[in-house]
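Number of protein chains: 2
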Amino acid sequence: MTPTDKSQSPLRLGIAGLGTVGIGVVKIIDKKAALLEARTGRKVVITAVSARSKDKDRGVDLSAYAWESDPVALAKRDDIDVFVELMGGADGPAKDATQAAIASGKDVVTANKAMLALHGQELAEAAEARDLVIRFEAAVAGGIPVVKSLTEGLAGNEIKRVMGVMNGTCNYILTRMEETRQPYGVLFDECAKLGYLEADPTLDVGGIDAGHKLALLAAIAYGTQVDFDAITIEGIQDITLDDIEQASELGYKIKLLGVAQMSARGLEQRMTPCLVPATSPLGQLAGGTNMVVLEGDDVGQIVLRGAGAGEGPTASAVLSDICDIARGIRMATFGQNASALVAAKPAIAAIPAPYYLRLELEDKPGALAKVAFALGDAGVSIDQMRQYGNDDQYPDTSPVVIVTDACMRSSLDLAIEAARKTGVLASDPVAIRIEEV
Amino acid sequence: MTPTDKSQSPLRLGIAGLGTVGIGVVKIIDKKAALLEARTGRKVVITAVSARSKDKDRGVDLSAYAWESDPVALAKRDDIDVFVELMGGADGPAKDATQAAIASGKDVVTANKAMLALHGQELAEAAEARDLVIRFEAAVAGGIPVVKSLTEGLAGNEIKRVMGVMNGTCNYILTRMEETRQPYGVLFDECAKLGYLEADPTLDVGGIDAGHKLALLAAIAYGTQVDFDAITIEGIQDITLDDIEQASELGYKIKLLGVAQMSARGLEQRMTPCLVPATSPLGQLAGGTNMVVLEGDDVGQIVLRGAGAGEGPTASAVLSDICDIARGIRMATFGQNASALVAAKPAIAAIPAPYYLRLELEDKPGALAKVAFALGDAGVSIDQMRQYGNDDQYPDTSPVVIVTDACMRSSLDLAIEAARKTGVLASDPVAIRIEEV
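Line by line, the protein sequences give chains A and B. Add 149 to the 1-based position in the first sequence for this note's numbering, that's all there is to it. Add 149 to the 1-based position in the second sequence for this note's numbering, that's all there is to it.
Hints are supplied without guarantee of correctness; some may be wrong.
Copies of the same chain look alike in the list, so a pair counts if it works inside one copy or between any two.
[To be verified] When the alpha-carbon atoms are kept at most 27 Å apart in a straight line, the in silico DSSO-like pairs for lysine-lysine are as follows: (1) K309 / K192; (2) K309 / K180; (3) K176 / K309.
It is worth saying that the hints were derived from the structure and are not from the lab. Note that the structure is predicted; figures quoted are calculated from it, not measured.
Extracted from the complex, chain A is given alone in its bound form (with noise of 0.2 Å):
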């Protein structure tokens, strides 16, 4: 058992990338070497670091390992075992330097989603050629171990559905938007100047980030290969503080929640703005924190709760991988042979849900029947509707709430479509799926 061989040799990184993540998983392993001997049954070594800069004050001394400012030239090294790649997007250097790795037979730790999302079935055939693992917990849900309770945890059941709240930001300005009353471009400004958003927010508040841990839970899920383009994004930039006010009246909260689901149409991925009961642990998840919960045909439901992003959490899941790697814990990418993945048959829609429709009607008698009439026409039927007065936002008109019974989204459309013949409608309905958990 690997475990006990106290004889073995160092489990060697290179390490390339030094940012907050890069250097908090140089903290970790200087600080608990005794540690992490005593629990791999290895000592784990830094032998070589990369990074743009070489001179930047990062703040440890870096000064006792190789210096390479070539990414791919530290994948190359004879004398790395384990190649971990924290720099981060899907081209590039990080994706020459993980192919350089795994083409010099190093084993590869990430924490780069997009590159995953992107090119995890091509990079994962490469790896298994070569007997080599890819892993990547630190891609998903920061410190949360969701690509371990998934891919091993949850092994023997057959999974109903992943859902999640990955990206802490959206989360934040969610959360603060009801707990302020201001509106989203505030809360974004503020965001910005707290440091909270990449380089491109759309990465964040467009739900493209998240977008990218979902497709890789999705195939650990399915057994599918990964498959970005067909998520359904919508991120979080419509959401009104009108709406976050109505959905919190009728007893819900609205995140961006990712959820991946088979049916018998196919794989459905989404990422959108959904509703969920307020009392549910998901409707409980208030600021930054990340959540995912797993439903399998025998677990039932498990809810995993933690920090989604940040030096700590993410470096401590990307010591998990390392920690693995030196237990001699082998593990196919996507928990299954990259071989035998197959492409899922994208679904989008597929899946009946309720829905939260917000309609402003001009005030004139009778509107609120002629919609009631268009909905259920069209086959949509009415759980709940509330007219919510004419105050001074809306002088001329009618705000109305209303939340369906389940429907296909298809139906709903048809549905809005008739309430526009009809021509009460003062603008565009809201219509935001309730994600029953």
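For this one, chain A is given, so just place chain B on it according to the hints.
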């Protein structure tokens, strides 16, 4: 890499114990043979089974498996690779058969928390001496992959605290007491009728079952020898409706909470009723669900929630261990070499906390002032105090609830003794720790 080698021989299981969990495992292996093979790269097959009665109708066809009436004989069979122990019981047949399995070179998967809490060190050393593994995901918190998350997912962390609500029956009783405003005895009887209680109900409501689980997590978290006897255990039998309601008024819920925490004074392990903030994940946990909170120096707080018992969830955890073995994952029983685990110095009441105090005062002038003075004099300061009236329930006395500032339990005990000496206490005070989460 193990998972890619399709040519491997099947992994052959011998299952001892065909109760709810054992039959659950048989069903999964029957039904999901293809899925398990795809995920692990090996066929997983049952060779032989054992239980007390061969003729009992268990609702599944067992005719394809060899039958052993003696679990020790099963454990020794040459045609099994893994002995799956699902009989239960700290000693007796479960331990005999586990020892026999190890002696004859078999890996062990077990759901037996009592056996491991009491004999884990001895069994782990025996397994290690023969390069075998003992895996026990199902022994702690049912379907929640907590052993894996702690051992592997948080391997890079120094663990700061482990907390858990790990007995669903106790949490069900406490939740229902608050919901129905019925006393403990009534809800205990309800649980008995529903079949929620162990044959010896003290295992549940006395905190022993949950204590076994805590002892296992503590050993993994701190690299110490499992030490069940060092746990301070109190059950929920004395929790009154009054305490639940007063706690609720103050913004807390009462939970049977396990806490393992290392301090300079040693390893403190408690399984006792505690107040936790109502808005925390632990506070929000209603009904029979389990929750474990893992705190690491880098990862921060990770919360895991799911079903802690039942056929599907427990069998799911057993399958997780079986799949790990099929995948070639070899993990030391408590996450590091058994021979290197140290005996922790037990610490009792070494960590300060605020306390909830409920006192019944004689309805005399100055009674409250006397008690407040006695507490202060003993060095316990008061954060909140509420006198809640002189109703029918207490015709001649005044009930008072106090929340103290954080203090040592020893100081609190001195303070309570001093309060007693004032002569104004009409009954024994109730003191419950408030765990800050």
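Going through the hints against the structure:
1. For the homomeric pair K309 and K192, the shortest alpha-carbon distance between copies (23 Å) is at most 27 Å, but the shortest distance inside one copy (40 Å) is not.
2. Taking the shortest alpha-carbon separations for K309 and K180, only the inter-copy value of 16 Å comes in at or below 27 Å, while the best intra-copy value is 41 Å.
3. Taking CA atoms no more than 27 Å apart as the test, K176 paired with K309 passes between copies only; the shortest distance there is 18 Å, against 39 Å inside one copy.
Checked against the numbered hints listed earlier, the structure breaks none of them; every hint is satisfied.
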